Amino acid sequence: MARIGVFICHCGENIARTVDCSSLAKAVLGIPGVRFAVDYKYTCSDPGQQMILAAIREQRLDGIVVAACSPSMHEATFRKAAMIAGLNPYLCEVANIREHCSWVHDDKPAATAKSLDLIRIMVEKVKRNQELKPIKVPITRRALVVGGGISGIQSALDLANAGIPVALVEREPSIGGHMAQLSETFPTLDCSQCIMTPRMVEVAQHPLITLHTYSEIEKVDGYIGNFTVTVRKKARSVDLKKCTGCGTCMQKCPQKKLPSSFDAGLGQRTAIYVPFPQAVPNKPVIDRANCTRFTTGRCGVCQKVCGPGAIDFEQQDELVEEKVGAVVLATGFQLYGIGEQSEKMLKGYPEYGHGHIKDVIDGMQFERLASASGPTAGEIRRPSDGTVPKTVVFLQCVGSRDPAKGISYCSKICCMYTAKHTILYKHKVHDGKAVVFYMDIRAAGKGYDEFTRRAIEDDGALYLRGRVSRLYQDGGQVVVSGVDTLSGRNVELRADLVVLATAVRPQPDARTTAQLFSVGYDASGFLNEAHPKLRPVETAAAGVFLAGACQAPKDIPESVAQASAAASKVQILFSKSELEREPTVARVHRAAPPLYSICQGCFACAGACPYQAIEHEELKDRRGQVIKTVARVNPGLCQGCGTCVATCRNKAVDLDGYTDDQVFAEIAALGAN
Amino acid sequence: MTVAAPAAADAAASANTVFEPRLVAFVCKWCTYAGADLAGTSRMLYPPNVRVIKLPCTGRIDIAFIIRAFSQGADGVIVSGCHPGDCHYSAGNFRARRRWTLFRDLLDILGFDLRRFQCAWISAAEGTKWAATIRDFTEEMRALGPYTAMRQLAGERGAPVAPRAAVWHGRPARREPEPSADPATRARSEALAGAIAAALTDKSIAAAVGWTLSPTLRRPRPLWITAPEEADRLGLPGDSDGNLARLLKHPQLTVRPLGMVVRHAEMQALNVLRQESQVAEQDVVLFAVARDGRFLGRLDWDAAVAALAADAEGRVNGFSPEVEAEVSRVLALPSAERWDYWRTQFARCIKCYACRNSCPMCGCEVCLADKNQPQWFPTAADGPGNFAWHVIRAFHLAGRCVGCGACQAACPAGVAVNLLGAALARSAAGHFGHHAGASHQDLPLQAAFRTDDRESFIK
Numbered sequence: 001m002a003r004i005g006v007f008i009c010h011c012g013e014n015i016a017r018t019v020d021c022s023s024l025a026k027a028v029l030g031i032p033g034v035r036f037a038v039d040y041k042y043t044c045s046d047p048g049q050q051m052i053l054a055a056i057r058e059q060r061l062d063g064i065v066v067a068a069c070s071p072s073m074h075e076a077t078f079r080k081a082a083m084i085a086g087l088n089p090y091l092c093e094v095a096n097i098r099e100h101c102s103w104v105h106d107d108k109p110a111a112t113a114k115s116l117d118l119i120r121i122m123v124e125k126v127k128r129n130q131e132l133k134p135i136k137v138p139i140t141r142r143a144l145v146v147g148g149g150i151s152g153i154q155s156a157l158d159l160a161n162a163g164i165p166v167a168l169v170e171r172e173p174s175i176g177g178h179m180a181q182l183s184e185t186f187p188t189l190d191c192s193q194c195i196m197t198p199r200m201v202e203v204a205q206h207p208l209i210t211l212h213t214y215s216e217i218e219k220v221d222g223y224i225g226n227f228t229v230t231v232r233k234k235a236r237s238v239d240l241k242k243c244t245g246c247g248t249c250m251q252k253c254p255q256k257k258l259p260s261s262f263d264a265g266l267g268q269r270t271a272i273y274v275p276f277p278q279a280v281p282n283k284p285v286i287d288r289a290n291c292t293r294f295t296t297g298r299c300g301v302c303q304k305v306c307g308p309g310a311i312d313f314e315q316q317d318e319l320v321e322e323k324v325g326a327v328v329l330a331t332g333f334q335l336y337g338i339g340e341q342s343e344k345m346l347k348g349y350p351e352y353g354h355g356h357i358k359d360v361i362d363g364m365q366f367e368r369l370a371s372a373s374g375p376t377a378g379e380i381r382r383p384s385d386g387t388v389p390k391t392v393v394f395l396q397c398v399g400s401r402d403p404a405k406g407i408s409y410c411s412k413i414c415c416m417y418t419a420k421h422t423i424l425y426k427h428k429v430h431d432g433k434a435v436v437f438y439m440d441i442r443a444a445g446k447g448y449d450e451f452t453r454r455a456i457e458d459d460g461a462l463y464l465r466g467r468v469s470r471l472y473q474d475g476g477q478v479v480v481s482g483v484d485t486l487s488g489r490n491v492e493l494r495a496d497l498v499v500l501a502t503a504v505r506p507q508p509d510a511r512t513t514a515q516l517f518s519v520g521y522d523a524s525g526f527l528n529e530a531h532p533k534l535r536p537v538e539t540a541a542a543g544v545f546l547a548g549a550c551q552a553p554k555d556i557p558e559s560v561a562q563a564s565a566a567a568s569k570v571q572i573l574f575s576k577s578e579l580e581r582e583p584t585v586a587r588v589h590r591a592a593p594p595l596y597s598i599c600q601g602c603f604a605c606a607g608a609c610p611y612q613a614i615e616h617e618e619l620k621d622r623r624g625q626v627i628k629t630v631a632r633v634n635p636g637l638c639q640g641c642g643t644c645v646a647t648c649r650n651k652a653v654d655l656d657g658y659t660d661d662q663v664f665a666e667i668a669a670l671g672a673n
Numbered sequence: 001m002t003v004a005a006p007a008a009a010d011a012a013a014s015a016n017t018v019f020e021p022r023l024v025a026f027v028c029k030w031c032t033y034a035g036a037d038l039a040g041t042s043r044m045l046y047p048p049n050v051r052v053i054k055l056p057c058t059g060r061i062d063i064a065f066i067i068r069a070f071s072q073g074a075d076g077v078i079v080s081g082c083h084p085g086d087c088h089y090s091a092g093n094f095r096a097r098r099r100w101t102l103f104r105d106l107l108d109i110l111g112f113d114l115r116r117f118q119c120a121w122i123s124a125a126e127g128t129k130w131a132a133t134i135r136d137f138t139e140e141m142r143a144l145g146p147y148t149a150m151r152q153l154a155g156e157r158g159a160p161v162a163p164r165a166a167v168w169h170g171r172p173a174r175r176e177p178e179p180s181a182d183p184a185t186r187a188r189s190e191a192l193a194g195a196i197a198a199a200l201t202d203k204s205i206a207a208a209v210g211w212t213l214s215p216t217l218r219r220p221r222p223l224w225i226t227a228p229e230e231a232d233r234l235g236l237p238g239d240s241d242g243n244l245a246r247l248l249k250h251p252q253l254t255v256r257p258l259g260m261v262v263r264h265a266e267m268q269a270l271n272v273l274r275q276e277s278q279v280a281e282q283d284v285v286l287f288a289v290a291r292d293g294r295f296l297g298r299l300d301w302d303a304a305v306a307a308l309a310a311d312a313e314g315r316v317n318g319f320s321p322e323v324e325a326e327v328s329r330v331l332a333l334p335s336a337e338r339w340d341y342w343r344t345q346f347a348r349c350i351k352c353y354a355c356r357n358s359c360p361m362c363g364c365e366v367c368l369a370d371k372n373q374p375q376w377f378p379t380a381a382d383g384p385g386n387f388a389w390h391v392i393r394a395f396h397l398a399g400r401c402v403g404c405g406a407c408q409a410a411c412p413a414g415v416a417v418n419l420l421g422a423a424l425a426r427s428a429a430g431h432f433g434h435h436a437g438a439s440h441q442d443l444p445l446q447a448a449f450r451t452d453d454r455e456s457f458i459k
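For the protein sequence lines, the chains are P and D, in the order given. For what it's worth, the working numbering labels the leading residue of the first sequence as 1, then goes sequentially. For what it's worth, the working numbering labels the leading residue of the second sequence as 1, then goes sequentially.
These are computed hints drawn from the structure, not numbers from a lab. Because the structure is a prediction, the values reported are computed rather than measured. Hints are not guaranteed to be accurate.
In the PhoX-like style, the derived pairs of lysine-lysine whose C-alpha atoms are separated by at most 25 angstroms in a straight line are [claimed, not checked]:
1. D:Lys249 <-> P:Lys108
2. P:Lys533 <-> D:Lys29
3. D:Lys371 <-> P:Lys533
4. D:Lys371 <-> P:Lys628
5. P:Lys136 <-> P:Lys533
6. D:Lys371 <-> D:Lys29
7. P:Lys628 <-> D:Lys249
Sequences are here, hints too, so could you generate the full structure?
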């Protein structure tokens with residue numbers, strides 16, 4: 001017979017006001033199996049907990065129910081008290097008679113009777129509770145960072161500096177991401193490459209960082225603490241071990257007129273190329289789609305001129321397995337409409353003529369024009385004829401905050417970088433005129449509002465609040481037809497150059513990434529955090545963390561902060577040698593002789609499991625013959641939702657902590673009349 | 001067991017006018033439980049009639065819990081969890097939603113008052129919605145009065161077995177012609193027997209199962225053969241209601257590869273069994289026989305499915321037109337009459353489990369009905385026991401029952417077990433475009449989901 005103790009909390013007056021606690025304590029003694037019942041003013045207080053401890057020991061209780069506030073408040077407190085008294089913490093349950101009873105009812109007899117029912121439910125449950133032990137999962141103390149932009153670099157360096165080996169995967173030939181493309185950064189106007197490239201080099205030289213550039217994630221297996229990630233290292237056609245990065249191949253390559261994606265299509269590169277001079281690794285890659293050798297079979301100049309013989313036309317993609325305990329996703333973003341020249345047309349904005357009018361460019365292209373390493377060596381010259389534009393019009397919110405065009409969110413960085421563009425422009429073209437069309441100026445951040453004010457007040461940018469309806473070519477200029485809503489007048493300007501602050505969007509394959517790692521994503525395709533406020537870097541998949549703009553539009557400081565946060569979350573995870581998990585996970589029936597299961601092996605559970613936690617296990621007889629293949633729950637992957645249990649027809653699977661037996665007992669406890 | 005008077009009863013006694021319903025809520029701990037907590041912290045008053053049972057996810061809610069709550073005296077049951085897309089476990093509630101759709105359709109044909117079973121999405125932020133939902137539900141159940149139908153089932157047993165002529169078999173009574181009577185039939189069964197004998201001779205099958213005419217029943221019955229010379233005992237299946245696929249589930253009959261005479265119904269059943277890893281393609285060698293008795297040849301899996309597809313003509317979701325007509329007739333009855341119809345039906349059941357044993361899909365080594373820890377159904381062959389058995393059996397076959405009618409033919413008491421399967425097959429096809437046994441590659445109906453599955457019934 002069970003020996004259950006029930007502790008009824010008054011919660012000061014919170015419960016006692018509407019529940020008659022002392023008569024409840026007497027009534028509870030009538031429930032079969034209840035050996036001890038007491039009511040107390042504040043059960044969660046230290047004396048309250050001491051009372052629980054004493055009762056467990058003196059009454060030799062084998063289960064307790066605390067009737068008090070919601071389990072989300074103090075379940076952990078009471079379970080800890082139970083544990084100190086030598087009782088397994090999972091033999092303690094909380095009956096919620098405050099939030100679910102005393103606070104929502106005003107009829108004292110009715111609330112008291114309901115409390116008795118709620119306690120009876122929990123007594124029946126706790127009688128059937130099993131002693132559970134936290135599941136221990138070993139941890140592979142090695143991390144994977146996906147994406148080599150500033151967020152990925154920051155996470156990788158933080159982790160490596162903490163002594164954790166890191167594999168960093170980047171799909172482009174070089175790490176650096178978008179930040180390496182920028183000219184200067186707001187609000188300090190420090191040169192992006194000057195602060196970025198030392199970090200890139202640090203990554204390359206760090207003994208604990210394994211760098212996989214020009215590589216993509218092929219497959220993800222395993223679970224928190226024990227992932228096996230298959231990385232596809234795309235054929236670079238250059239042997240990185242032999243290549244010295246001398247650059248002769250690039251000088252001799254006859255195919256010189258390919259658009260450089262690093263220069264946002266404004267510059268040109270060869271078919272064998274390094275994306276930019278500070279690339280890490282600073283070794284070339286052959287663009288097979290455009291290399292004459294690969295398209296026609298003739299050529300091979302690079303191979304002939306390469307001293308160390310590093311060019312390998314036969315190189316194949318290579319699959320590398322990385323065993324890691326945690327993953328940081330830092331896959332970044334794309335700009336609305338970014339891509340090759342032919343795809344430049346902004347879908348939904350034909351009226352802006354992007355892709356047709358040469359002097360309508362996007363923000364990233366302006367960055368490249370302003371960058372000392374860019375195609376114009378930092379001089380602002382417009383793409384059509386190379387002249388210095390005297391009037392530049394900047395349009396903000398192109399794509400952003402426009403549900404009619406499919407994006408309702410604010411891209412967050414455009415207000416700031418447009419202000420930066422006007423300042424950079426005015427610093428380079430002193431007699432130039434910068435006009436900005438904006439919806440609102442959103443400059444929340446340290447030094448940000450001062451920065452936009454500086455653009456307007458010190459550098460004389462003209463800010464017009466309103467939208468532009470149309471851009472069209474007229475002679476050598478672009479006519480900007482818009483409205484200034486503050487003065488209520490239509491505005492028509494003749495611009496030499498128009499810069500569109502296009503929306504920040506998720507990477508085109510963000511959903512694939514999300515599915516690979518079982519991470520959620522929102523309606524736009526940004527990866528979802530586990531909780532928008534309290535768990536901003538964790539994801540629904542345990543052991544997978546987020547950093548940077550893959551989660552939402554972010555500027556550099558925010559991306560770096562989140563990247564460091566993700567790195568420290570990984571360190572917290574790795575601070576123990578074994579991982580402890582809640583033991584309320586599903587379990588498939590096993591029994592003697594010598595190993596048997598009633599599981600039929602239909603694997604309906606596997607179809608229903610949101611976590612791919614169901615594995616196949618072969619049951620064999622003594623001669624090693626397979627009797628049948630049955631399901632097995634991987635406790636490392638199982639999160640304990642119990643969907644498999646409701647799906648299983650003969651209940652070969654059950655959920656610890658919420659077993660069928662317990663639930664039926666809880667229902668039966670209600671069958672009072 | 002000492003039993004305190006429920007709050008509701010107390011209140012009713014004092015007021016002596018208002019009926020106080022007992023409501024049970026099965027909620028997920030992440031959204032609705034937390035939403036109810038929020039109603040508490042916000043001090044929103046609502047009637048004290050509801051008892052909450054906390055589960056990790058709506059995906060955990062077994063329909064047996066709901067049935068049990070009603071049979072234990074609940075006047076209303078509400079199930080609630082996170083809104084679609086918000087599930088803490090990412091997709092548990094999508095599975096729950098499918099299950100609720102099917103379960104409601106099942107309750108509907110049983111003549112159960114659906115107002116007593118409510119579904120809702122209530123998030124952790126929707127304390128107001130929780131309070132309002134409970135308020136409304138309590139009001140509605142007060143107006144509806146106590147739920148007694150399920151409790152009245154108690155003690156109902158042993159209704160007279162219908163006279164043989166009145167037993168519902170889902171089709172007109174008929175006799176098989178003797179195989180020798182018709183030379184064409186004879187030629188056909190010889191072609192079949194020849195093919196099977198050849199396969200046994202070249203050892204491409206270890207045994208074969210087909211049909212022979214039972215001299216006593218004067219109907220085809222299954223026949224196992226292991227030697228070529230036995231093949232001349234094989235006849236044609238006719239339109240026998242048995243389904244040979246059920247023999248694959250027998251734990252002792254492990255002979256593989258097994259030659260099998262398959263008709264459309266067997267092939268559909270094999271598709272489902274293959275979906276569920278109960279049979280592999282190499283385990284069976286198929287000898288297809290069309291409805292009109294033509295032997296279509298020894299065919300591989302996909303060819304057999306294609307060759308037999310024409311036999312589905314005239315049947316609805318695999319069920320015969322007679323069964324379909326009966327389902328429509330029952331569904332057209334007022335709900336109280338539907339309930340009475342089933343009460344009479346279930347009262348006849350003697351719990352012999354012939355329906356289970358004849359079914360090609362009911363293949364669990366240990367059936368839920370045979371488990372007692374916990375006790376899933378009342379074991380007695382009385383009202384509550386029979387109700388729980390037939391409802392849960394039908395639900396386990398949802399999206400799997402191919403409508404072969406084997407259970408119907410096997411039932412000695414003439415309970416219309418087939419109708420529940422047909423009603424659920426309609427539901428599966430109508431709401432989810434799912435046709436049991438259409439292909440061996442389909443996902444199980446209750447494990448799969450679509451984010452846009454219907455949910456108009458969920459508050």
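Results for each hint:
1. D:Lys249 <-> P:Lys108: violated, 58 angstroms
2. P:Lys533 <-> D:Lys29: Distance of about 19 angstroms is within 25 angstroms: holds.
3. D:Lys371 <-> P:Lys533: Violated, because 46 angstroms separates the two Cα atoms, which is more than 25 angstroms.
4. D:Lys371 <-> P:Lys628: Holds, at roughly 21 angstroms.
5. P:Lys136 <-> P:Lys533: Given that 25 angstroms is the threshold and the Cα spacing comes to 28 angstroms, the pair is violated.
6. D:Lys371 <-> D:Lys29: Distance ~28 angstroms between Lys371 (chain D) and Lys29 (chain D) Cα, so the pair is violated.
7. P:Lys628 <-> D:Lys249: With a Cα-Cα distance of about 12 angstroms, the restraint between Lys628 (chain P) and Lys249 (chain D) holds, given a limit of 25 angstroms.
Going down the numbered hints, you'll see the structure goes against 1, 3, 5 and 6, while the others check out.
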